[in-house]
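A.B. asks: Sequence:
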Amino acid sequence: MTVLYATKTYTTGLSVKDKRKKERQVSRQLLYFAVQQEYDFAKTELEFSIEEGGKPYFIGYPVHFNYSHSAEYAVVALSDTPVGVDIEHFERAVSPRLLERTLATGLLQAHEVSGLAPINVWTRYEAAYKMGHSPSLRHFREYDLDGYIISVCSEIGGFSNFVNVVELSEHLHLF
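In this note's numbering, the protein residues as written are 821 to 995.
Simulated from the structure, these hints should not be mistaken for laboratory data.
Among the clues, some could well be false.
Claimed, not checked - In silico lysine-lysine, BS3-like type, Cα no more than 25 Å apart, as pairs:
hint: 1; residue 1: Lys863; residue 2: Lys839
hint: 2; residue 1: Lys841; residue 2: Lys828
hint: 3; residue 1: Lys839; residue 2: Lys828
hint: 4; residue 1: Lys841; residue 2: Lys863
hint: 5; residue 1: Lys875; residue 2: Lys837
hint: 6; residue 1: Lys875; residue 2: Lys863
hint: 7; residue 1: Lys841; residue 2: Lys875
hint: 8; residue 1: Lys842; residue 2: Lys875
Note that the structure is predicted; figures quoted are calculated from it, not measured.
Full structure from sequences and hints, please.
C.D. replies: Written out as structure tokens, the structure is:
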């Protein structure tokens, strides 16, 4: 089963550099929170490493995860199999040239994007890229969160029917 957690990033008024830094920090905090909720692992038990290609993983734990952030939200996907996630605002412009280059990579198959809006194609591409692995072994699911599109890609499907939206400030004692 693939589950999702999301939280507000509260980055309004920050410089671009500080905004990106806070988005990464909030994403990591949300990841630790989600893992504690779903698997009951303490933060102190978890050690990160990076696979070849840049995908992060926990050493010694069979939890697959991925996270993304965009403006107001951070999102985390947890699964028993490889997973990728992307979040973007519905109004984000995706240029025809970017869309053309995205489709030219061959990462997405025509049946996976037929009839989708450009932003949906882009978020599916990002989720599939972040998941990695063969295009024949994946399923997609989209969620709508306050004007944002979340695309998730997983090998087995089995997606949660909802996004667990949490206010991390209420849970900071866990970190």
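A.B. asks: Take the hints in turn and mark each one as holding or not.
C.D. replies: We went through each hint and held it up to the structure:
1. Lys863 x Lys839: holds, 24 Å
2. Lys841 x Lys828: Distance of about 14 Å is within 25 Å: holds.
3. Lys839 x Lys828: holds, 12 Å
4. Lys841 x Lys863: holds, 20 Å
5. Lys875 x Lys837: With a Cα-Cα distance of about 22 Å, the restraint between Lys875 and Lys837 holds, given a limit of 25 Å.
6. Lys875 x Lys863: holds, 19 Å
7. Lys841 x Lys875: Judged against 25 Å, a Cα distance of about 19 Å means the pair holds.
8. Lys842 x Lys875: holds, 20 Å
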